[in-house]
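Protein chains in written order, with the numbering used here: chain H, 1 to 229; chain X, 1 to 255.
Hints listed in this document are in silico derivations from the structure and should not be mistaken for laboratory results. Take these hints with a grain of salt, some might be off.
[As the list claims (entries may be wrong)] Restricting the straight-line Cα-Cα distance to at most 16 Å, the calculated cross-link-like pairs of lysine to aspartate or glutamate (EDC-like) are: (1) H:Lys217 - X:Glu19; (2) X:Lys233 - X:Glu19; (3) X:Lys135 - X:Asp39; (4) X:Lys180 - H:Glu39; (5) H:Lys217 - X:Glu202; (6) X:Lys185 - X:Glu202; (7) X:Lys135 - X:Glu19.
Only a predicted model underlies this, so the values are computations on that prediction, with no experimental measurement involved.
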Amino acid sequence: MHIPDGLIPATVAIGGYAVAGALTAYSIKRINQSDNAQEQIPKVALLTAAFFITSLIHIPIPPTSIHPLLSGLMGALLGWFAMPAILIGLLLQAMIFGHGGITTLGINAVILGVPAILAHLAFQSFSGKQKLFSQDEDGKKQITRRLQIAGFLAGAIGVGLSVLMFYGFIIFTIPADIIDPAAERRATLILSLSHLPLLLVEGALTAMLVSYLSRVKPELLRGLSEARA
Amino acid sequence: MKQELDAYAHLDSPLHRWENRYKIAGLFLLAFAFAFVEDVRLLPALVVITAVLFWLSNLPFSFLSGRLKIPGLILFGIVVSLPFLSGSTVLASLGPISIKQEGVMAALIIAVRFVCIITLSLLIFSTDTLVNTLKGMIGLRMPPILADMVLLTYRYIFDLSASFRTTQTAVRLRGFQNNKLSGGKLNTLAALMGNLIVRSYEQSERVYKAMILRGYGMTDANPAALTSTLTDKLWLAAILLLAIGLVSAQLFLNL
Numbered sequence: 001m002h003i004p005d006g007l008i009p010a011t012v013a014i015g016g017y018a019v020a021g022a023l024t025a026y027s028i029k030r031i032n033q034s035d036n037a038q039e040q041i042p043k044v045a046l047l048t049a050a051f052f053i054t055s056l057i058h059i060p061i062p063p064t065s066i067h068p069l070l071s072g073l074m075g076a077l078l079g080w081f082a083m084p085a086i087l088i089g090l091l092l093q094a095m096i097f098g099h100g101g102i103t104t105l106g107i108n109a110v111i112l113g114v115p116a117i118l119a120h121l122a123f124q125s126f127s128g129k130q131k132l133f134s135q136d137e138d139g140k141k142q143i144t145r146r147l148q149i150a151g152f153l154a155g156a157i158g159v160g161l162s163v164l165m166f167y168g169f170i171i172f173t174i175p176a177d178i179i180d181p182a183a184e185r186r187a188t189l190i191l192s193l194s195h196l197p198l199l200l201v202e203g204a205l206t207a208m209l210v211s212y213l214s215r216v217k218p219e220l221l222r223g224l225s226e227a228r229a
Numbered sequence: 001m002k003q004e005l006d007a008y009a010h011l012d013s014p015l016h017r018w019e020n021r022y023k024i025a026g027l028f029l030l031a032f033a034f035a036f037v038e039d040v041r042l043l044p045a046l047v048v049i050t051a052v053l054f055w056l057s058n059l060p061f062s063f064l065s066g067r068l069k070i071p072g073l074i075l076f077g078i079v080v081s082l083p084f085l086s087g088s089t090v091l092a093s094l095g096p097i098s099i100k101q102e103g104v105m106a107a108l109i110i111a112v113r114f115v116c117i118i119t120l121s122l123l124i125f126s127t128d129t130l131v132n133t134l135k136g137m138i139g140l141r142m143p144p145i146l147a148d149m150v151l152l153t154y155r156y157i158f159d160l161s162a163s164f165r166t167t168q169t170a171v172r173l174r175g176f177q178n179n180k181l182s183g184g185k186l187n188t189l190a191a192l193m194g195n196l197i198v199r200s201y202e203q204s205e206r207v208y209k210a211m212i213l214r215g216y217g218m219t220d221a222n223p224a225a226l227t228s229t230l231t232d233k234l235w236l237a238a239i240l241l242l243a244i245g246l247v248s249a250q251l252f253l254n255l
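Working from the sequences, and respecting the hints, build out all of it.
In C-alpha cells form, the structure reads like this:
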C-alpha cells in the first residue's frame with residue numbers, strides 16, 4: 001500500500017512531508033520526555049526490522065495472496081515510536097526495493113502512521129493490559145480475551161484507515177477535469193469495500209499476535225508502553 | 001534479501017564522486033521539480049535530464065530496468081485504466097470502450113514522472129554504499145534518534161531476515177503449507193511472526209548492552225566530519241538551476 005513516485009501532484013507530496021515531519025517531530029518529543037528513551041532505540045530499531053521482514057509474508061486469500069500491513073500492531077506495540085519506525089521502514093523499502101518513492105515518502109508515512117497512532121490509542125483504551133501480570137488465572141484469561149479484542153481493533157483500524165486514506169489520496173488528487181466526480185466516489189467505495197477481507201484477516205492476525213506475545217513475552221506489551229510519555 | 005543497492009557503489013563517475021549531502025539535497029529537489037511538472041510539453045526535458053544523469057552515473061541499464069519492474073507493475077494498472085476512464089475528448093472508440101485524450105495525457109505524464117523520479121532515487125541510493133548515503137542524510141540534520149534507528153534497523157534487517165528464512169524452512173519441513181487460508185494456518189503464521197518479534201526484542205537487549213559498553217550516548221562520540229569541494233557545490237548549483245527552470249516553466253505554462 002504505497003503511493004509510487006510521479007502519481008500524485010508535488011503539492012500533495014510536499015503536504016505529506018509537512019504532516020509526516022510534524023507527526024515525527026511530535027513523536028520524538030514524546031519519546032525524549034520518557035525516562036528510558038535511549039534504551040528504547042535499539043528495541044524499536046530491531047522491532048522495525050522484524051516488522052519490515054514479517055510484512056513480506058504472503059497470506060493466501062485465493063485466488064491471490066496479501067502482505068500484512070502491520071501498522072495496527074506497530075501502533076499497539078510501539079506507541080509513539082510507531083511514527084518514526086514507519087518512516088524508517090518506508091525509507092528503507094524505497095531504498096532497497098524501490099517500493100513507494102522518495103517524493104511520496106511523506107504521504108506514505110502519513111497513510112500508515114496516522115492509523116498506527118490511532119490504533120495505539122484504541123489498543124491502550126481497550127486492552128486493560130496494565131493487569132497483564134495478574135497472578136489470578138481467571139483474571140489472566142479475561143485480560144487475554146480483552147487483549148485479543150483490542151488487538152483485533154488495532155489491526156482492523158490500522159488497515160481500514162490506511163486503505164481509505166490510500167484510495168482517497170489517489171482518486172481525489174486526479175485533476176477534476178479528467179475524472180467524473182460520481183465515478184470518483186463510486187471507485188473509492190468499491191475499492192475500499194474490496195479490502196474488507198484484508199481488514200478482517202489483519203484484525204484476526206493482530207489479535208493472534210497480541211495473544212501470542214502476552215503468553216510468550218508479556219513485557220513486550222508492557223515494556224514499550226512504559227516508554228510512552 | 002540481497003544488498004543489491006551496494007552492487008555498483010564501487011564504480012567511478014561524477015555522481016559517485018559527488019559528496020552525499022549535496023547529491024541527496026540536489027537530486028531530491030530535482031525529483032520534486034519533476035513531480036511538479038503537469039504539462040506534456042515539459043516531459044522531453046525530464047527525459048533528457050534523467051538520461052544524461054543516468055549516463056553520467058555509469059550504472060548499467062539492466063540495473064535500472066530491474067528496479068522498475070515491481071513498482072512499475074503497481075503503477076501499470078492505474079496508467080492503463082486512465083485513458084479509458086478519464087476525460088471527455090474521444091480519440092478512438094470500439095463499441096462501448098473509448099480512449100480519451102485527457103486520460104492518455106494524464107497517463108503519459110504519470111508514467112514519465114514515475115520513471116524519471118525512480119531513476120533519480122536510484123542515482124541517490126546506488127552511487128555510494130547505503131551506509132555512506134545514510135551518513136549523508138545524518139549530515140543533512142536528520143534527528144539523531146532517527147539516524148540511530150535507521151542505522152540499527154538497516155544493520156539488523158539482513159540478520160533477522162536470514163534467521164526468519166531458517167524458521168520458515170523449519171516450519172515447512174514439519175509439513176506446514178501456506179497455500180490456503182484457515183484459522184489454524186493464520187495462527188501458525190502469527191506464531192511465526194511473533195517468534196521473530198520476540199527474538200528481535202531479546203536481541204535488542206543484548207545490542208543495547210553492547211552499545212553502552214562501546215560508549216553509546218557519550219556526548220563526545222562525534223561522527224567523522226564530511227568534507228565538500230567546489231565541484232560538489234557547482235554540481236548542486238547546476239541541478240538546482242535545472243529544478244528552478246522546470247518549476248518556472250510549469251508556472252509559466254499554467255498562466
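So, going through the hints one by one against the coordinates:
Restraint check: the Cα-Cα separation between H:Lys217 and X:Glu19 comes to about 45 Å, which exceeds 16 Å; the hinted pair is violated. In summary, the hint linking X:Lys233 to X:Glu19 is supported, as the alpha carbons are separated by about 9 Å, within the 16 Å threshold. Taken as a hint, the X:Lys135 and X:Asp39 pair is broken in the structure, with Cα atoms around 36 Å apart against an allowance of 16 Å. Pair hint X:Lys180 plus H:Glu39 does not hold up; C-alpha atoms about 41 Å apart against a cutoff of 16 Å.
Using a Cα cut-off of 16 Å, the hinted pair H:Lys217 and X:Glu202 holds, with the two alpha carbons roughly 10 Å apart. A distance of roughly 26 Å separates the Cα atoms of X:Lys185 and X:Glu202; the hinted pair therefore is violated under the 16 Å criterion. At most 16 Å may separate the alpha-carbon atoms for a hinted pair to count; X:Lys135 and X:Glu19 meet this at roughly 11 Å.
In this structure, the earlier hints numbered 1, 3, 4, 6 are contradicted, and the remaining ones agree with it.
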